[in-house]
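**Q** Residue-level listing of the chains:
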Amino acid sequence: MLDTIGLSKIEDLVAHLPKAVRYDKPLAIAPGRSEYDILDYFKERGSENAAAGGNGYACFLGAGVYNHYRPVMVDTVVSRGEFLTSYTPYQAEISQGTLTAIFEFQSMICQLTGMDVANASMYDASTAVPEAAMMAIRATGRSHILTARTVHPEYREVLHTYTQHQGIPLDEFGYDATSGLIDIEDLSRSITKDTAAVIIQTPNFFGIVENVKQAAAIAHEHGALLVVVFSEAVSLGLLEPPRDADIVAGELQSFAIPPSYGGPFAGVIACKEKWIRQIPGRLAGETKDANGNRAFCLTLATREQHIRREKATSNICTNQALIALMATVFLAVYGKQGLRELAVQNLSKAHYLAGKTKTIFSGPFFNEFVVRSEFKGIAEINRELEAKKIIGGLPLEKFYPELKNTMLLCCTEMSRKPQMDLVAEAFA
Amino acid sequence: MIKKVRTHPTQNEQLLFEISSPGKNGYQLPDLDVPTIDAVDALGAGNTRTEIEDFPEVSEVDVIRHFTRLSTWNFAIDLGLYPLGSCTMKYNPRINEQAARVDGMAWIHPYQPDSLSQGAMQVCAELERCLLDITGMDAITLQPAAGAHGEFTGILLIHAALAAQGNPRKKLLIPDSAHGTNPATAHMAGYAVENIASNARGMVDTEALARAVTEDVAGIMITNPSTIGVFEENIAQVADIMHSKGALLYMDGANMNALAGISRPGDFGVDVMHLNLHKTFSTPHGGGGPGAGPVAVKQHLEPFLPIPRLARVGDKWTWNYDRPQSVGRVRAFYGNFGVLVRALAYIMAHGGNGLPRATYDALLNANYIRKLLEPYYDLPYAEPSMHECVFSDARQSKLGVDTMSIAKRLIDYGFHPYTVAFPLIVKGALMIEPTETESKRELDLFCDAMISIGKEVEETPDLVKTAPHTTRTAKVDEVTAARKPIVRWKRP
Amino acid sequence: MYPENFRYTKEHEWVHVENGVGTIGITDHAQHELGDIVYVEVPKVGTHVEQGKSFAVVESVKAASEIYAPVSGEIVEANDALTATPELLNSDPHVAGWIAKIKLSVPEEIDRLLSPTDYQAYLGEG
Chain W
587 MLDTIGLSKI
597 EDLVAHLPKA
607 VRYDKPLAIA
617 PGRSEYDILD
627 YFKERGSENA
637 AAGGNGYACF
647 LGAGVYNHYR
657 PVMVDTVVSR
667 GEFLTSYTPY
677 QAEISQGTLT
687 AIFEFQSMIC
697 QLTGMDVANA
707 SMYDASTAVP
717 EAAMMAIRAT
727 GRSHILTART
737 VHPEYREVLH
747 TYTQHQGIPL
757 DEFGYDATSG
767 LIDIEDLSRS
777 ITKDTAAVII
787 QTPNFFGIVE
797 NVKQAAAIAH
807 EHGALLVVVF
817 SEAVSLGLLE
827 PPRDADIVAG
837 ELQSFAIPPS
847 YGGPFAGVIA
857 CKEKWIRQIP
867 GRLAGETKDA
877 NGNRAFCLTL
887 ATREQHIRRE
897 KATSNICTNQ
907 ALIALMATVF
917 LAVYGKQGLR
927 ELAVQNLSKA
937 HYLAGKTKTI
947 FSGPFFNEFV
957 VRSEFKGIAE
967 INRELEAKKI
977 IGGLPLEKFY
987 PELKNTMLLC
997 CTEMSRKPQM
1007 DLVAEAFA
Chain C
2 MIKKVRTHPT
12 QNEQLLFEIS
22 SPGKNGYQLP
32 DLDVPTIDAV
42 DALGAGNTRT
52 EIEDFPEVSE
62 VDVIRHFTRL
72 STWNFAIDLG
82 LYPLGSCTMK
92 YNPRINEQAA
102 RVDGMAWIHP
112 YQPDSLSQGA
122 MQVCAELERC
132 LLDITGMDAI
142 TLQPAAGAHG
152 EFTGILLIHA
162 ALAAQGNPRK
172 KLLIPDSAHG
182 TNPATAHMAG
192 YAVENIASNA
202 RGMVDTEALA
212 RAVTEDVAGI
222 MITNPSTIGV
232 FEENIAQVAD
242 IMHSKGALLY
252 MDGANMNALA
262 GISRPGDFGV
272 DVMHLNLHKT
282 FSTPHGGGGP
292 GAGPVAVKQH
302 LEPFLPIPRL
312 ARVGDKWTWN
322 YDRPQSVGRV
332 RAFYGNFGVL
342 VRALAYIMAH
352 GGNGLPRATY
362 DALLNANYIR
372 KLLEPYYDLP
382 YAEPSMHECV
392 FSDARQSKLG
402 VDTMSIAKRL
412 IDYGFHPYTV
422 AFPLIVKGAL
432 MIEPTETESK
442 RELDLFCDAM
452 ISIGKEVEET
462 PDLVKTAPHT
472 TRTAKVDEVT
482 AARKPIVRWK
492 RP
Chain G
32 MYPENFRYTK
42 EHEWVHVENG
52 VGTIGITDHA
62 QHELGDIVYV
72 EVPKVGTHVE
82 QGKSFAVVES
92 VKAASEIYAP
102 VSGEIVEAND
112 ALTATPELLN
122 SDPHVAGWIA
132 KIKLSVPEEI
142 DRLLSPTDYQ
152 AYLGEG
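Residue numbers (the numbering used here), protein chains in the order written: chain W, 587 to 1014; chain C, 2 to 493; chain G, 32 to 157.
To be clear, the hints were calculated from the coordinates, so they are not data collected in a lab. Backbone N, C-alpha and C fix where the C-beta goes; we use that ideal spot for every residue, glycine too. Honestly, I wouldn't trust all of these hints.
Said to hold, decoys possible - Computed list of lysine-lysine pairs in DSS-like fashion (alpha-carbon distance at most 25 Å, straight line):
{"no.": "1", "chain 1": "G", "residue 1": "K41", "chain 2": "W", "residue 2": "K858"}
{"no.": "2", "chain 1": "C", "residue 1": "K317", "chain 2": "C", "residue 2": "K372"}
{"no.": "3", "chain 1": "G", "residue 1": "K93", "chain 2": "C", "residue 2": "K466"}
{"no.": "4", "chain 1": "G", "residue 1": "K132", "chain 2": "G", "residue 2": "K41"}
{"no.": "5", "chain 1": "C", "residue 1": "K317", "chain 2": "W", "residue 2": "K984"}
{"no.": "6", "chain 1": "G", "residue 1": "K75", "chain 2": "C", "residue 2": "K485"}
{"no.": "7", "chain 1": "W", "residue 1": "K975", "chain 2": "C", "residue 2": "K317"}
{"no.": "8", "chain 1": "W", "residue 1": "K605", "chain 2": "W", "residue 2": "K595"}
{"no.": "9", "chain 1": "W", "residue 1": "K984", "chain 2": "W", "residue 2": "K1003"}
As the list claims (entries may be wrong) - Some chain C residues well away from chain W (every beta-carbon gap over 10 Å; in silico):
{"no.": "10", "residue": "H9"}
{"no.": "11", "residue": "E52"}
{"no.": "12", "residue": "A190"}
{"no.": "13", "residue": "N200"}
{"no.": "14", "residue": "L311"}
{"no.": "15", "residue": "D323"}
{"no.": "16", "residue": "D379"}
{"no.": "17", "residue": "K399"}
{"no.": "18", "residue": "L464"}
To be verified - FRET-style restraints, in silico, Cβ to Cβ:
{"no.": "19", "chain 1": "G", "residue 1": "S85", "chain 2": "C", "residue 2": "P10", "range": "45 to 53 Å"}
{"no.": "20", "chain 1": "G", "residue 1": "E42", "chain 2": "W", "residue 2": "S765", "range": "55 to 63 Å"}
{"no.": "21", "chain 1": "W", "residue 1": "A606", "chain 2": "C", "residue 2": "A209", "range": "18 to 26 Å"}
{"no.": "22", "chain 1": "C", "residue 1": "A209", "chain 2": "G", "residue 2": "E105", "range": "32 to 40 Å"}
{"no.": "23", "chain 1": "C", "residue 1": "A395", "chain 2": "W", "residue 2": "D780", "range": "37 to 45 Å"}
{"no.": "24", "chain 1": "C", "residue 1": "P376", "chain 2": "W", "residue 2": "A614", "range": "39 to 47 Å"}
{"no.": "25", "chain 1": "W", "residue 1": "R863", "chain 2": "C", "residue 2": "H470", "range": "29 to 37 Å"}
{"no.": "26", "chain 1": "W", "residue 1": "A614", "chain 2": "C", "residue 2": "E443", "range": "29 to 37 Å"}
Work out the full structure, taking the sequences as your base and the hints as a guide.
**A** Put into structure tokens, the structure is as follows:
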């Protein structure tokens, strides 16, 4: 091949580079290893972590990342090379597999959330939230964003990072200390005629199910949009979806995506029909081919970065296609009845454990709840549980200083009665 | 003469909603070991949905057949070459997949105590160390979820660094050859965009640059090698011009596959850059994501990196949130850890000795293609190519056939198209990046195909203009899809 | 092909003035260059536009093009039919495909625009 090019040695390919940019030293990286060595390395590092279901830990953490069973079918499908190693479906004629699956994904998300349009996924919920806020700003021409304190604290941090340089005023409103729902009076006092969006989460960070209708009424009365966020997607199998929202932004990790220490996940944005041109991210659309057969393609691409450049709805290029595919397979496996049954199991497990502890909020909850410790420090409880190979709930004081000595506990269909009983005992 | 493919029937398949039948299911949950709770009692009737309308109900066999059939309608790296410029469609090693699925890597929660996550943090630390060595930079964040996300983070860092000196400034300079994410990102970060022209050699015009850099300019976003696959020979001068005016140099690392192990951005004046782990570091594209876009910086930008930072305290890893100058979080948790595992596995497999060899092979393959196709396609720039080469359709468009049609005809030959009509500075561009994965055999088949199509353009242009002919779907009507968008299934 | 009583710009817009109100659109050459048009972002009535500044966007599948106002003034009417039927811009760019009507604020601007002969000569040079 070098002969064809007319060079004598491979280094000639960079002979034209200025000497100063050449790095001719060896890299400070060990020589290439065999696949057996590599796997051993990750198994060893893995053994230095507590893993739910893996080396025998039970985990009661939720807070935006949930331990749910992953049907075997999920990895079977996503491991197929035609899905795993394919590119973004810009060439529709040779990407109908990916495009069809995305179309199904978008459709199921609409069915689950009660919205008309859903995109082909975002990086995760934490980045979907600011994207939804910016959508509301474009759609209303206003700029103020009002967010509930019961939206996941890290999502709110990311919202702040995204908006800080765009001259977008951000404010927060509180929650009712008894029920754990949003403080409606505080919302009414805080909303202005410049508010583009009110952002709430349901179930909220405390696990409490919000009254979406009420929040929507206040937002719409003031000409603002309502953005509803979800982080526990399994709840959509049982909870009435936020039909009064204008935009829904959520996290799909619960749908067969391994917790993986926080990523990669898949967020999604869904909205009412009228906002379709403002939605960021990729969209798969149904059309026909030249022979009249149904076919799918990416559409409304003129919203996107590769065409609009600085006028794009977002800079996002990726959709989390493979992750969204995991979710699609999960949804296909469980189906209409399975999702409901799965959600009922989550509800039942959580209510069992909650019944044996002192929950602090009176509002309705799905699979997460906040418990206060009366007799011991939260840290001590978690240490006791660790010794029994149980990872306890998330101490909330770090995010909510007013909630001293409390933890956020989550139970899913993977939680077992013996471990739940041990958790209850630890509080005694 | 088409040598690489033959037609073969592929199964038809409808949508899940169309094969659905009430009562079918593909799951079984374990029995509840606690009492079943009544949803309406616990949540209230208003909060409980009666059903998920129109949601599919299918069996396990339905699921496996459905998705298997769909998969056979896709092209993939596992099937053959994707010559897509700047996408770096290299082989996705399966050992990466195994590594990511180790229980201790997959089933760890980001909020579990640091003491129970040391293995994960060690993996992050090791990847950080390797990437810093490869880039020649001083500090790195693994948080950003993708390239565009990394760009956004990088621009936030520039803003913060300049603001700390009293003035964040107003504009970013972006070459007219840049990827669309660059100006979109600049806008999102609150900066105005000013285009900087390329010179006749396809590189940044340093005279124009010197004139353009005022006290209002925060930095330049540059890709090196550029999107025409050419190394910016004046990069050191570009860096000097920027730095002399107190501005910063951002490098889009999309083309790192031309540099890994043989040239380090940190050595030629880059202040901040992002990497695309799903390009250079082999993590799978998966049909469009996930990726990961770590951002590496020089020491003077380190204080501004997103929180939390990985830190060593005694003999333990911790997440450090005490970073008063940080730009904040750019996403929840720590990064696309599953993608990071895959990238580290790749680095370990190649090793310090293998990474530069892979880079040389990438350069070799691109230049081999360039040499073979030069007699048939117009080469707009005579500069030496690095890992990709860019042709234009100048000769073919005179005969009425453009780059899009040639790309579609390439599908009939068994390849995925190259990158069409980008970069914008080349009219009718054909951007080709083979990567080091491809053997001479596959490259020869590709070049044969391109040469054959060149002949078809002269002899039977209509065949090319109406391509592709052998795909499962004929040309897809993207116009109607945009005029009357149908983005979800509705019960007829 | 190019109506006599229209005036043209080098950015391929046309304007037809009657009683101080100019009807604006894009030329046949422009629609041909853009290809199949999939969406038109028509301006809002009441907006003030400046000659040479963008006032509408026309999208094809692969590109979004800004349309620059040939004259300055206030938008008094917009062709909402384009929202449902953007293809009018392709099929009838000089009549049914009009984009907006502007009440001219600086009538003299018309004099600096191209006549049909000049516009066609300009196209010939391309």
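**Q** Taking the hints in turn, state whether each one holds.
**A** Now for the hints, and whether the structure bears them out:
no., hint, in the structure
1, K41(G) with K858(W), "violated (40 Å)"
2, K317(C) with K372(C), "violated (53 Å)"
3, K93(G) with K466(C), "holds (18 Å)"
4, K132(G) with K41(G), "holds (20 Å)"
5, K317(C) with K984(W), "holds (21 Å)"
6, K75(G) with K485(C), "holds (22 Å)"
7, K975(W) with K317(C), "holds (20 Å)"
8, K605(W) with K595(W), "holds (17 Å)"
9, K984(W) with K1003(W), "violated (29 Å)"
10, H9, "holds (14 Å)"
11, E52, "violated (7 Å)"
12, A190, "violated (6 Å)"
13, N200, "holds (16 Å)"
14, L311, "holds (12 Å)"
15, D323, "holds (13 Å)"
16, D379, "holds (19 Å)"
17, K399, "holds (25 Å)"
18, L464, "holds (15 Å)"
19, S85(G) with P10(C): 45 to 53 Å, "holds (51 Å)"
20, E42(G) with S765(W): 55 to 63 Å, "holds (60 Å)"
21, A606(W) with A209(C): 18 to 26 Å, "holds (23 Å)"
22, A209(C) with E105(G): 32 to 40 Å, "holds (39 Å)"
23, A395(C) with D780(W): 37 to 45 Å, "violated (53 Å)"
24, P376(C) with A614(W): 39 to 47 Å, "holds (44 Å)"
25, R863(W) with H470(C): 29 to 37 Å, "holds (34 Å)"
26, A614(W) with E443(C): 29 to 37 Å, "holds (33 Å)"
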